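Peer 1: Between the sequences and the hints, there should be enough to build the whole structure, so can you do that?
Chains as they are written, first to last, in the numbering used here: chain W, 1 to 158; chain V, 1 to 376.
These are computed hints drawn from the structure, not numbers from a lab. Misleading hints may appear alongside valid ones.
Calculated pairs, DSS-like style, for lysine-lysine (alpha carbon to alpha carbon, straight line, at most 30 Å) [to be verified]: (1) V:160 <-> W:99; (2) W:94 <-> V:13; (3) V:160 <-> W:81; (4) V:302 <-> W:129; (5) V:300 <-> W:81; (6) V:58 <-> W:15; (7) W:99 <-> V:201; (8) W:89 <-> V:201; (9) V:160 <-> W:129; (10) V:201 <-> W:129; (11) W:94 <-> V:201; (12) W:52 <-> V:257; (13) V:78 <-> W:94; (14) V:257 <-> W:49; (15) V:160 <-> W:100; (16) W:100 <-> V:201; (17) W:81 <-> V:257; (18) W:49 <-> V:261; (19) V:300 <-> W:52; (20) V:257 <-> W:67; (21) W:15 <-> V:13; (22) V:58 <-> W:94; (23) W:81 <-> V:13; (24) W:129 <-> V:300; (25) V:302 <-> V:167; (26) V:160 <-> W:89; (27) V:201 <-> W:15; (28) W:81 <-> V:201.
None of the values given here were measured: they were computed from a predicted structure.
Spelled out from the first residue to the last, the chains are:
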Amino acid sequence: MTLNIDEEQDVSVTKGMIRAEFNFWVGIVMDKFYDGLQEKKFIGTKCSKCGKVFLPPRNRCGDCFAKAEDFIDLPETGILKNFTVTTYKISERKTRNVKKDQIVGLVQIDGADSAMVVPVININPEDLKIGMKLKVVWAKNIKGDPNDIAGFEPIGGV
Amino acid sequence: MDKVAIVGFYQVKPGLDIMMSPYEMLFEATRGALDHAGLKRDDLSTVIGCNNDYYDGKTISNCFKVEAGGAYMKDESKVEMDGAHAMMYGLMRVLSGNHKLAMVYGISMPSCFPYESARILETDPTFDRPINILNGYTAGGMQMRAYLNAFGISEEDIAKVAAYNLKNAAKNPLALPEAQKTNISVDEVLNSELLSAPLRKLMYPVLCDGVTAVILAPERQARKITDKPVWITGVGHFNDTYYLGDRDLSSCSSMEKAAEKAYKIAGINDPKSEINVAELFGHTACEDLILAEAAGLADKGKGLSLINTGKLNPSGGTMAGYTPAANGLTRIVEAVKQIRGEAEGHQISGANKAIASGQVGFCAQNNIVYVLEGGE
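Peer 2: Below, the structure written as structure tokens:
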């Protein structure tokens, strides 16, 4: 007998479901960043060689391969470097169309040389402009993790 | 670099939901590649696979692929990036002088797992993942905006690239049937659903199941196996930072460096005139242009001109079917077919020097480029 693969034939699927809980040790530098969020503050790091300021912080500069362990307090304001608008929500399990615009921005905090991927809120997508000034909006319940950043909104309205 | 050739290859025709198990599909590809080269499994000395634990839903995803991959009681290893990276591992094994014949394959079955969710697990678990708005759609949207803004390109221009790819796919017998769109118009692309503005659905490839396999041999063996060896004359591989906020998304530095290195090894001074075919693994129609420009095939912001020459992705590229882990190898096989004059339906006449690329990471963080040549 030869095996015939018929396009119409229904081949069984087994679910093979697993659930695994992972923990991630955020590291010394990110722990300090999380502590800063708890106090509604941004704490970045500075490269000891080129002076670049990273936010979120890292303990090294990939380019100089030098330590970036000097902490630096950064303001709550920054500029919009790039953005996109999507109605899709992708979680660790599935992709859903939530039919509601979500604005994703690359926001560079004043004084930082890197930008963070964060939500942009309290603005209509058509009013977004690259280079516009934004300010952080903190979450109602501060927990000391990245979701303390509810998003960034335009300074002084649009 | 010593001469190493691609002497055999096989691509399983991709499908949205192939009714084979991954192991049945893999066997079709490896058996097919051996038959194509006129070789026996005994001739193989090493097997390198590209597959992914998360995509396969099992750890050590290669352990169950030993027999189907042709690796039973052989030297075998795995690369968990793109098939093009697995080929570099195979190439190194052959160049070491210890292996006479290497089988390289890439496989995944996205009909069985949520691919876009798997990309969420690519994100930084200490910042991007808890915020959970960085994913394949939003990264592609921001990259496209960066490219449009940097060079004054219109959304319509990107739609032209998407339509060009989908029309090319229609001429490629091994394209995903659902991606073969002979009569697609630019308006149709521009009116397709927004995935993440300005990126639209028809500018984004369709995920499908597939496997591609190639066989590598050093010069002496290659000449015995085939009268049409395709030589790997250059390879370059570079990695950029993970952080999108550190990069200029309108271009691709790691691709620039990878291509520069590959050209240097291959002795190519002017890629614009010397390369007749480029099969590039772009994640979106826009990224195809960014990568082509980074590879020096067009000036920055001028990549659109390549669709008039036809030398960019004559197969349709990944828009002809996106098979994670196999994408780069499929690009390589398409370039090899062009050089052998066997690209049925989409042959570029006189193709003798090609580049093919693979990648991993958001906005093509990591790129690998091969220069492939025919002749002596």
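Peer 1: Holds or violated: residue 78 of chain V and residue 94 of chain W, Cα atoms, limit 30 Å.
Peer 2: At roughly 27 Å apart (the allowed maximum being 30 Å), residue 94 of chain W and residue 78 of chain V satisfy the hint.
Peer 1: Is it true that the CA of residue 49 of chain W sits at most 30 Å from the CA of residue 261 of chain V?
Peer 2: holds, 28 Å
Peer 1: Under the criterion that the straight-line Cα-Cα distance not exceed 30 Å, is the pair residue 300 of chain V, residue 52 of chain W satisfied?
Peer 2: holds, 27 Å
Peer 1: Is it true that the CA of residue 201 of chain V sits at most 30 Å from the CA of residue 129 of chain W?
Peer 2: holds, 24 Å
Peer 1: Would the pair residue 94 of chain W and residue 201 of chain V pass a check requiring their Cα atoms to be no farther apart than 30 Å?
Peer 2: Holds, at about 17 Å.
Peer 1: Below or equal to 30 Å on CA atoms is what counts here, so check residue 257 of chain V against residue 67 of chain W.
Peer 2: holds, 25 Å
Peer 1: Do the alpha carbons of residue 160 of chain V and residue 89 of chain W lie within 30 Å of each other, as the hint requires?
Peer 2: holds, 28 Å
Peer 1: Are the Cα positions of residue 89 of chain W and residue 201 of chain V separated by 30 Å at most?
Peer 2: holds, 15 Å
Peer 1: Taking only the CA atoms, is the gap from residue 257 of chain V to residue 49 of chain W under or equal to 30 Å?
Peer 2: holds, 24 Å
Peer 1: Hinted pair, alpha-carbon criterion (30 Å max): residue 99 of chain W, residue 201 of chain V. Please report holds or violated.
Peer 2: holds, 15 Å
Peer 1: Can you confirm whether the C-alpha distance between residue 160 of chain V and residue 129 of chain W stays at or below 30 Å?
Peer 2: Holds: residue 160 of chain V and residue 129 of chain W sit about 26 Å apart, inside 30 Å.
Peer 1: Hinted pair, alpha-carbon criterion (30 Å max): residue 58 of chain V, residue 94 of chain W. Please report holds or violated.
Peer 2: Between residue 58 of chain V and residue 94 of chain W the Cα gap is close to 19 Å, so the pair holds against 30 Å.
When the structure is compared with the earlier hints, a violation turns up for hint 23 alone.
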